[in-house]
Amino acid sequence: VATAGVIAISYVRAADRGGTAAEEAPGRSVTALQVSAEVDRRELDRLIRAYEAEVRTQPTVTGLTFLGQMYVQRGRTTGDVQTYLQAAAAADQAVALAPRDRAARTLAAGVRYTTHDFGTAAMAARSLVAEQPDDQGALAVLGDAQLELGDYAGAGATYGRLLQAAPDAAAALVRQARLAFLQGRLPDADQLAAQAKAQALASAFGDTGLAYYSVFEGQLDLDRGLYADAAQQFDQALGESPGYYTAIAGLARARAAQGRTAEAIDLYEQAVAIVPQPDYLSALGDLYRLDGQAERADEEYGTVEVIAELAAINRQVYNRQLAMYYADHDLRVDEALRLTTAELAVRKDVYGYDAQAWALFKNGRLQEARAAAERALAQGTPDAKIWYHAGLIDQALGDADRARVELRRALTISPRFDPLQAPRARGALAALGGAVP
Amino acid sequence: VKRALFAIALTVGALVGSAPRASAHPLGNFTVNQFSGLHVTPGGVTVDLVTDMAEIPTYQRRSAIDANHDGQVDEAEASAWRDQQCLALARDITIEVDDRALSPVVAAEASLTFPPGQGGLPTLRLECPLHAAAAFGSGTHELQYRNADFAGRLGWREIVAVGEGVTITASDVPALDVTDRLTRYPKDLLRSPLAQDSASVRFEPAAGAQPATPSPVRAATGALPRGVDRLTRGFTDLVAERHLTLLFGLTAFGIALALGAVHALAPGHGKTVMAAYIVGERGTLREAALIGLAVTVTHTAGVLTLGVLLSTSTAIAPERLYPWFGLTSGLLVVGVGLTLIRRALRVCRRPRPAPYVAFPVPEAQLAMTGGRDHDHPHPHDQRHPHDHAHAHDHDHAHDDGHAHAHPHAHAHGGRAHRHAPIDPSLGWRSLLAVGFAGGLVPNPSALVVLLGAIALGRTWFGLVLVVAYGVGMAVTLTGAGLLLVRARGFFDRRLGRRTDRGVVRFSRSLPLLTSTVITVAGTILAARALAAL
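Protein sequences appear in the order of chains G and H.
For the first sequence, this note's numbering assigns the number 1 to the initial residue and increments by one for each residue that follows.
For the second sequence, this note's numbering assigns the number 438 to the initial residue and increments by one for each residue that follows.
Calculated directly from the structure, the hints in this document are not laboratory data.
Computed from a predicted structure; not experimentally measured.
Among the clues, some could well be false.
20 Å max Cα-Cα, derived SDA-like pairs, lysine to any residue [unchecked claim]:
(1) H:Lys-624 <-> H:Asp-536
(2) H:Lys-624 <-> G:Arg-56
(3) H:Lys-624 <-> G:Asp-45
(4) H:Lys-624 <-> G:Arg-375
(5) H:Lys-624 <-> G:Asn-363
(6) H:Lys-624 <-> G:Leu-85
(7) H:Lys-624 <-> G:Ile-313
(8) H:Lys-624 <-> G:Pro-59
Chain H is faced by these chain G residues, among others (derived, beta-carbon under 8 Å) [unchecked claim]:
(9) Arg-49
(10) Leu-85
(11) Gly-243
(12) Glu-269
(13) Ile-274
(14) Pro-276
Glycine included, C-beta positions come from ideal geometry on N, C-alpha and C.
So that you can see chain G by itself, here it is in the shape it has in the complex (with noise of 0.2 Å):
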């Protein structure tokens, strides 16, 4: 049980806009034991196994912490949300314990965050580390939500003191380069990852930890167009944690991209067959419409609609992947605004305005679109599709000049961005007598 103290798990988010829980990514805690390392995922069914009974006749806040903690570990690799309740529940008890217990009240708040409840979070992480400022898993899970609800320049500063109070963690820098991407500093987020990863290597991480930084790296070379750069990544990743489904899914986009449609095919249908995520399925909706079997697409999109619904009894996650489907897809424009809205009112941050321009356009309100728009590119992302969808806010407008502008940068960041959106945005920049990129 010594150990348990010592294993602490932050939470990094995956530089993902899907934003669900399932999407966590596995930093570890600076201070973290490599116990990680060795545990493969049946060791920590186990491990689960053993401590479930061992709480159930002895529930002490060490067992309970420890419990918990395996369980966010576990919902990295298997993405079952399910996963997440159950460490909820494991922190609350070990929090009904001992309301003052530092590893059960840092669990607490991380949990909160996998859970989408990023106000809560942030407030918990906040009392902790003014308990202790120096606390780097109070640390971590402060500056995640921060950005998660748009504090960019708080975020900044966690971060900062993150990294002053463990300098050179993999933990530290991978989300410093996450804020920097988020920022438009490509060259700080491009050698903060790599910084990242060969911290990461160095101190040994085995399974996801490593995985996830190749995945992060990944995501990067994807959003800016390197596609072969971004399989390879992907690749690595799954030598280091096969079945590790973000890896999976980012794959089956870089070859997406590429034009490599079966391929994306297959490799979305594995993804999907892990968890069945909206963007997931909407994505491989896209590529069986485009590859002309429209029944199956019919089959995704219609799965799709069945999460909605029972996301919507279990109140689960989903809320923005769901938007951005019924948005890109002109299906059921108002609920997608519905959810957005919903959000964009405790989660402002760039995804969020984005999410809620690209809604506010397909109900046909362009100038709050075009607010909305704005927000999301005040921080200088570099994002494709949050410029695709200025783009087209703006020649809704009639604005031409502004258009073509965000037009030709969202193709040039990323020229296959989207196998459905990209030659949309191609259409329009022509339409707008545009050089395409």
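Dock chain H against chain G, hints included.
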């Protein structure tokens, strides 16, 4: 018979399946859950393969099942899909006996139902009865079972194994399922789903076949020693009652109490020992009550311990534990008997004021059966230093240690009596030892009730019934003791006036006689247990 069993299984499944789902799937809406009920007979291995799909995977199979896309699944479509699906599932199932692969075939009609799930969405339940024919000769066989269907998918994966006409001597999966064939999942969040993909079962064809039935309570019954009579069956059925009301709970409590009382009249509850002791040693009512209490407490504790062990570990085969309980019990009785003989011999050499009379000692039979080769089952492997589930093992070892240590404690008590040989009563330790010996072998039906209750997620109800059962036993045993004390008092008064030398001599040798009876009874008990080991 097999077909009939399947028909029953399918009917039960259909009934359960068509009822509204009480609990959501354990892992959310995209799980595929699988259950393999292995049924080993001398003529082969039958697999009750149940697949329970949550809302999303069900939706994803919608178009495959609804071949004509009219939004309805008609009988022809259902039948075509389930047959094809069962074949596909069977292909990824490996059954090997003694390293020889058996090929499972779909043995009876499969069943496909769509129980309503969340939001009015259908879920899918497919039951494929598979059978792999073989002829198992005498001797020990090794069965290896692997299920590669839906590998990597999230979901509950459960395997149980029971034998019919064969004795399962070792198994790494339980005989009892916790989900009632994937119809109810434990709601406890801090209990991860089972992930059993494979099973190894060692078995040997048995002389006496036991009927096996699909319900979990029945399955447990089949795995436990001794036949289950009609009364017991009624008891075990109590716990499976679906609707739990206060009135029903009270009634069940009363019935459990009565059954415990009746059960205590059956052989093997230390009544022989107690009767002999009270008659031969001038035991008092208080002592009789103490023994009755000890029997009850020991019995209840034994049932609980075994129940907890069985429900948390798959590595313990109860039929292999029973002989050990029996042996411990027998040795205890022998120990008590020897102490009494020694005392009786000492006392016999002195003149005794009051004559005694014989009282018929009714029983010396304490039936016990069990499996053969016993290797110490270990529920958890010991590699990981952080594995705190070992606490259970330690608890268990501790209990065992206690049981085996008792004869020593008792001998110690006996030695203490050397200094006070005229004291007519044994020490409280010996009294407890007598009660302990009497209650040590847990009653299988009480155990089944507890396991059934755990399986149905009603552990507390099971506990209450087990305690009620124990209280019933205590009432009978104490009542019997009371009768013995009264009866002896009566005979003492009537015969006390007589001076017949024969009677006096007989009375004086009575303690020796009764303690010998006790020793012999204990020896028989221990010998039977040894034979069963």
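Hint check results:
1. H:Lys-624 <-> H:Asp-536: With Cα atoms ~39 Å apart, Lys-624 of chain H and Asp-536 of chain H exceed 20 Å; violated.
2. H:Lys-624 <-> G:Arg-56: Given that 20 Å is the threshold and the Cα spacing comes to 14 Å, the pair holds.
3. H:Lys-624 <-> G:Asp-45: Holds. Lys-624 of chain H to Asp-45 of chain G sits at ~19 Å (cutoff 20 Å).
4. H:Lys-624 <-> G:Arg-375: violated, 44 Å
5. H:Lys-624 <-> G:Asn-363: violated, 43 Å
6. H:Lys-624 <-> G:Leu-85: Holds - the C-alpha atoms of Leu-85 of chain G and Lys-624 of chain H are around 12 Å apart, at most 20 Å.
7. H:Lys-624 <-> G:Ile-313: holds, 18 Å
8. H:Lys-624 <-> G:Pro-59: holds, 18 Å
9. Arg-49: The hint holds - Arg-49 of chain G has a Cβ within 8 Å of chain H, the shortest such distance being about 6 Å.
10. Leu-85: holds, 6 Å
11. Gly-243: holds, 7 Å
12. Glu-269: violated, 11 Å
13. Ile-274: holds, 7 Å
14. Pro-276: holds, 5 Å
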